[in-house]
Each structure stands twice: as structure tokens, then as C-alpha cells.
Amino acid sequence: MTTTRRTVLLQGGAIGAGLIAANVSAVRALAATKTPPVRRSLQGLAWNDPIVATYRDAVGIMKQKPANDKFNWVQLANFHGNISTGFRYCPHGDWYFLPWHRAFTAMYERIVRSLTKNQDFAMPYWDWTASPTMPEVFLPEKTPDGKTNWLCVNEDGRKRTWPPTQPMPANIVGPAVLSTILNASPYEVFGTSRPAGQNSLDPSWITGGGGVQGTLEATPHNQVHNNIGGWMPTAASPRDPIFFMHHGNIDRIWALWNLKHQNSTDPLWTDMPFKENYLNPDGSFWSPKVSDLYVPEKLGYSYGFTQTAVVASSARTMTLERSLNAVLGAKAASNVEAGKVETAVVENNKSATPGAALALKIEVPQAALQGVVRSAPVGSGFDTMDFAAAREASARGSRALAILRNVAITDPSTTTIQIYLGDEPVPADASPSDRRYVGSFAMLDHGGGGHGAHGDHELPSFVLDLTDALQKVYGSAGTIPGTIGLQIVVGNETGNGKVGSATPQRVEVVLVSG
Amino acid sequence: MKRTKGCAIRAVFAVAALSALEMAAAEENDARARVNAPARVAIAPARQPPQDDAGRLVVTVTGFKPAVAGTVEGVVLIPCGTEEREIGRFGIFPQQPFAAGNNTKPQRFGFALPAGCKPSQVTVRVEPSAGDGSGAELVIGEVAIE
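These protein sequences, in sequence, are chains Z and H.
Counting from 1, position 224 in the first sequence corresponds to residue 224 in the working numbering; the numbering is continuous, with no gaps.
Counting from 1, position 40 in the second sequence corresponds to residue 40 in the working numbering; the numbering is continuous, with no gaps.
If you are wondering where the hints come from, they were derived from the structure by calculation, not from laboratory data.
Careful: at least some of the hints might be erroneous.
[To be verified] No more than 27 Å apart at the CA atoms, straight line, and that leaves these computed lysine-lysine pairs for DSS-like:
id	chain 1	residue 1	chain 2	residue 2
1	Z	K159	H	K65
2	H	K105	Z	K289
3	Z	K289	Z	K350
4	Z	K361	Z	K117
5	Z	K275	Z	K63
6	H	K105	Z	K275
7	Z	K159	Z	K65
8	Z	K361	Z	K289
9	Z	K142	Z	K275
[Unchecked claim] Simulated restraints, written as ranges between beta carbons of each label pair:
id	chain 1	residue 1	chain 2	residue 2	range
10	H	S120	Z	Q119	41 to 49 Å
11	H	S120	Z	P167	48 to 56 Å
12	H	Q121	Z	I362	34 to 42 Å
13	H	A99	Z	S185	16 to 24 Å
14	Z	S84	H	E142	43 to 51 Å
15	Z	T148	H	N102	17 to 25 Å
16	H	K118	Z	N154	31 to 39 Å
17	H	A99	Z	P66	54 to 62 Å
18	H	C80	Z	T133	49 to 57 Å
19	Z	K350	H	E142	53 to 61 Å
All C-beta atoms, glycine included, are put in the ideal place defined by N, C-alpha and C.
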């Protein structure tokens, strides 16, 4: 296979920090990675689509259960709240809003799988920005085959009131609002702030409100609830099956935001437990804490744009595509046909440890590096929400990728690896705002021997986009160096658990000329 | 003993009366917005320097009455140059009456300030999203740049 500049650039444009497997083709690598079911947009799903049908069947099962059954539809909704007593466990107006509802939606997703015996089910979502009218499959009282449509709400006094053909207004769900949301930072501006005065992990802080609502909660979240009418503007809103389509989209937006931004690392947020707020499908309580809820894949679902836990990353981190190019699939990038792709390789047997970063020096072709450093910066697509255009734009520029092959990670579930550019020691308090920051990754699938390997004992490999950091560090420099430094730093996002070490067997820098 | 008890009772009444007066004063200082009757509120001086250059406008809602039928939303506008610019919208969820008090906190909403805008007051409008919004009322407390 010949690697053209365009294929490399287009693929590279979609990669920030992604996982690739070593010594296997990229397609095989992805096939070997156990990916959880992908949540899909309702747009285009027919009434008899297996996703819609499974959800409808499950809602019917729950609605027909005895009133005192744990999985009765009303009983489950009561975890959120009810009409007479208001909210029960669910937080609104504070920084627990997003993680609490992520777990709540995941709880229903698991229950649906259990009740229908369909383990491939993933909760769909209503992308009200792309499809602002109410999802059609939720509207008629009967399905086209004459059966009860359990997704319709027809209780007296609780019918939805929003006109079926009227779109949700653009000033609450439109692209401009979404752009404002995705560019909001830090977490407490994006996902609502902490309650004023919070000084402990007492559970009373979860439901008290008192934070400043960001646009995500204040505008599309609140107003889509209110506009739909019926159960939705009330504390008993989960009694409308559309609740989970709405909150699935809110959750997806959080996951999208995480591709570019980090969550709060404040222990008052990360360590807060939601004790006995949810049920497992076996009826026992599920009591996750906030830090258990960062990564959708760890909760058994995906939105299709992450293959591993990208805890934080550079602005270009987007998605690892299903089809990878020869650069990533080859055993080593140096095997790739030359041309406009130049590679530099260092073999390595040293480790990054909690006490010492691993510093590597890599000789690179100066002319190719100059092409990358001097090319115009390319937007991530978040600014315009036009990812396709951003990818096309990236194809016109030069790019640099770093491939860390066969990375042995001890204590992978509690270790995060950050990559910085340059030779100067990285300070202990360095963060993604540091101009030398390239990206970071953590392992999701901890199979094999507990060293971050998959089931067939291959060590994982990772690819990161160096372009932004190179332009920031060397863009204003008078001379372009012939050697670049990469520093690999191990840490822990949550402050809990032992920080392990990371040892890449080989590091490759791939420079693609524009 | 009796005298002590009497003093205690008087003290409780005094505290209660003071609290009632404070609440009444707070109510008077709050601005009410209804459909076609926006509230205009002066922006309080920042207690702390904003976290970034532009800062963020935080609108505190201390009370809400829903519309008799349908739903409403709040629209936040600031003067910027020669025009009045909308900087965001918010909904009250759940859409039911509330009044901030002992057990109920106010609801607070943050909006990014456009670069170059240095407003000294804010306008909050009540707009119906469904129905005509009659009966709906937002009580606006402090508005500040944080």
C-alpha cells in the first residue's frame, strides 16, 4: 500500500491521542479491541429499528411491572424525583449535574439490556441541534403494526405539549449555542460550578444547587425539558421515555467537550460518591463516585469517537478512525514508503516513573520540521462545529505525529501518561495549558498481564499529534532545531491509587510535508 | 427562672422580626420581570477580579412564578456600544414556583461577556416559549461580573 500525503494527512487530522496496536494491521488492531456498544443518534432510526424497538419493549416491560417492583417505571423515576416531593437524588444547578445524570442514564441502559436480553443495546440520543423537531418514533400512540407505543406519553394531564412539527428554537439548541458550550472552559463554567461555600463531601452538597449554571444546563438542558411539557418540566421527568434521549445528548456533549478540555480535578468533585443512588440490573445498589464516571467506555457504552480513555489532549484530539493508514498500521513508521513522509525513530528501554520523566532526544530532518512549524495553525473544528471542514483544512498543511510503540504500563488503571515537548524538565504542576503540552492518554482495557496489554498480550501503542505543540514552541524561534526532545511524564488524574511507570519500546516522529 | 424564660422568648421574637424585615428588604431590592415588562438591574461591583479579561456575568434568580399555561425562558441582554445585545437565555427547571429562602437556594446563571463590552446594567426579559407567558414572573436578585 502506498501512503500518499493526502491519506496520511486526512487520517492524521483525525488523530490526537489514539490507541493503536503494535505489530498488527490497524484494522485488526481495532477489531481486537473490545468496543462497547455505540450510542446512536435517533435521526434516521425507524420505529422498527432494533435500537428503537429494544428501548420501546423495555419501557413497556417496566411500565407493566407491579408498582412495588424495583424496576417498575415509576419506581425507577423516583430515584430522580417525583411531583409531590420534588427532586430526590438528582443534582441540578451544581457541578454534580453532569456525572449524576451520566450514571442515571447508564443505569437505565443496563436495565434495558438486562430486561430485553439484548447486550448490544446502547441508549440512543436526540441530537436536537441536528434534528430540532421531536423524534417521530416517540409521538404516535400506536406503532404502525398496531401495538402500543410505550414511548408515547398519553397519561391525562401529562401529555407532551410541544407541537410535533415545530423545531426547538435555534437560540436554545442551535449551532451557535453548541459552539458556546463546547468552547466554555474550565469545567465549572462548562458543566455548572460548585455550590457556594462547599467545604466537604457531605452528600447534602449534591442536591442543594447553589452553583452557577453554564450554558449547557441553563439553556438547552432546562429549556428542552420545559418546552416538551407533560412530565418533562417536572422533577418526575424520567417518567417520559424521551428523558433519556435528551440526557443522552447532554452526556454526548460532555464527552465531546472532554476531547478538548479536562474535567475538574478538585477532590470535592472527583471524590464525591453517589451512594445508593442507582440500581444494578441484579437489583443491588450501584454507588459510583464522580471519578468512576469520566469515561463512557468504562460504563459500557461509547459515542464512537474514542477508542481508549483520552483523559486530556491537545486541541486536535478528535477521533481515531476505523480505517487507519499505513503509517499507523506498519510495524514501524520507517517502513512506510518515503516521499513526503519522513520519519525519525529512537529505540528505548528506559521508563518514565513517578519520580522521573523519561526524556528522549530524537533527530529529525530539519527541512521537514520547518515545514510543520511554519505551516499555518489549523482549527480543531470546535470553533465552527464543522469537523469535516477542519479535516480538509488540516490536509492542506504539514503535520507531525508521535507514535509510541509497545508501551508497557504498570498499574495502568491508575496511571495517566502525559507527553511534553522540549528538553527542559517538566515542573510537577505542569498542565495542559503549558505550551509544550502535546497530549495525554490512559489505558481503558487492562487485559493481559496487567501491563496495559490486550488479551493477546500485545502491548498497546499510541499516536499523538505533535503539530500544535511544535508550532507553539518553535513557531517564533529564529532557527529550527535538528533534534527535538520528548518528555513522558506519568501521573494520576484523581490522586487516588498508585502511579505506575511507562516504558515505550520505540518512539517514532512522523513528519508529513504540506 | 421565669424572667430568664421571658427574655429568651423576647429574643426569639426579636430575631424573627429582624429576619422578616431583612427578607422584606431583600424582596424590595429584587427586580421583577414579566412578559413585556423586563427587569433592568445594575451590575454589582466585582468582589474579586474576573478570572479572565472579559469575565462572566452571573444572574441570580431569587424567585419564579410559571406561566398559567405554557413555558417561559429568561433572556439576558446588555448594552454594548450603541446596541443592546443578547448574551444568553436560561430556563428555570423544574418549571414550578420557587422563592429563595431557608431551604431553597437561588438559581444562578452564568454568561460569557462579549469582548469589549463593559456593561453597568443588565436587562432580563421573560419570553414565552409556548403560550403567551401570562402570569410568569422572574425575580432577579444580584447581577455581578465574576
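Evaluated hints:
For the hint linking K159(Z) to K65(H), the alpha-carbon distance of about 22 Å falls within 27 Å, and the restraint holds. Taking the CA atoms of K105(H) and K289(Z), the gap is near 24 Å; set against the 27 Å cutoff, the hint holds. A hinted pair counts as satisfied when its Cα atoms are at most 27 Å apart, and K289(Z) with K350(Z) does not qualify at roughly 35 Å. Between the alpha carbons of K361(Z) and K117(Z) the distance comes to roughly 53 Å, so the proposed pair goes past 27 Å and is violated.
Under the criterion of a C-alpha separation no larger than 27 Å, the hint pairing K275(Z) with K63(Z) is consistent with the structure, at around 26 Å. The straight-line distance between the Cα atoms of K105(H) and K275(Z) is roughly 23 Å, inside the 27 Å bound, and the hint therefore holds. Among the hinted pairs, K159(Z) with K65(Z) is consistent with the structure: their alpha-carbon atoms are about 21 Å apart, no more than 27 Å. Among the hinted pairs, K361(Z) with K289(Z) is inconsistent with the structure: their alpha-carbon atoms are about 40 Å apart, more than 27 Å.
The hinted pair formed by K142(Z) and K275(Z) fails the criterion: a straight-line CA distance of about 39 Å is larger than 27 Å. Look at S120(H) against Q119(Z): about 59 Å separates their beta carbons, and that is not inside 41 to 49 Å. Checked against the given bound of 48 to 56 Å, the beta carbons of S120(H) and P167(Z), roughly 36 Å apart, lie outside it. The hinted window of 34 to 42 Å between Q121(H) and I362(Z) is violated, with their beta carbons roughly 57 Å apart.
Distance hint check: the CB atoms of A99(H) and S185(Z) are about 33 Å apart, inconsistent with the given range 16 to 24 Å. In this structure the supplied range 43 to 51 Å is violated for S84(Z) paired with E142(H), their Cβ-Cβ distance being about 32 Å. Range check, T148(Z) to N102(H): Cβ separation about 45 Å, and the 17 to 25 Å hint is violated. For K118(H) and N154(Z), the hinted distance range of 31 to 39 Å is not satisfied, since their beta carbons lie about 52 Å from each other.
Taken as a hint, the range 54 to 62 Å is violated for the pair A99(H) and P66(Z), whose Cβ atoms sit roughly 39 Å apart. A beta carbon spacing of about 33 Å between C80(H) and T133(Z) contradicts the range 49 to 57 Å that was offered as a hint. The beta-carbon spacing between K350(Z) and E142(H), approximately 56 Å, falls within the hinted interval of 53 to 61 Å.
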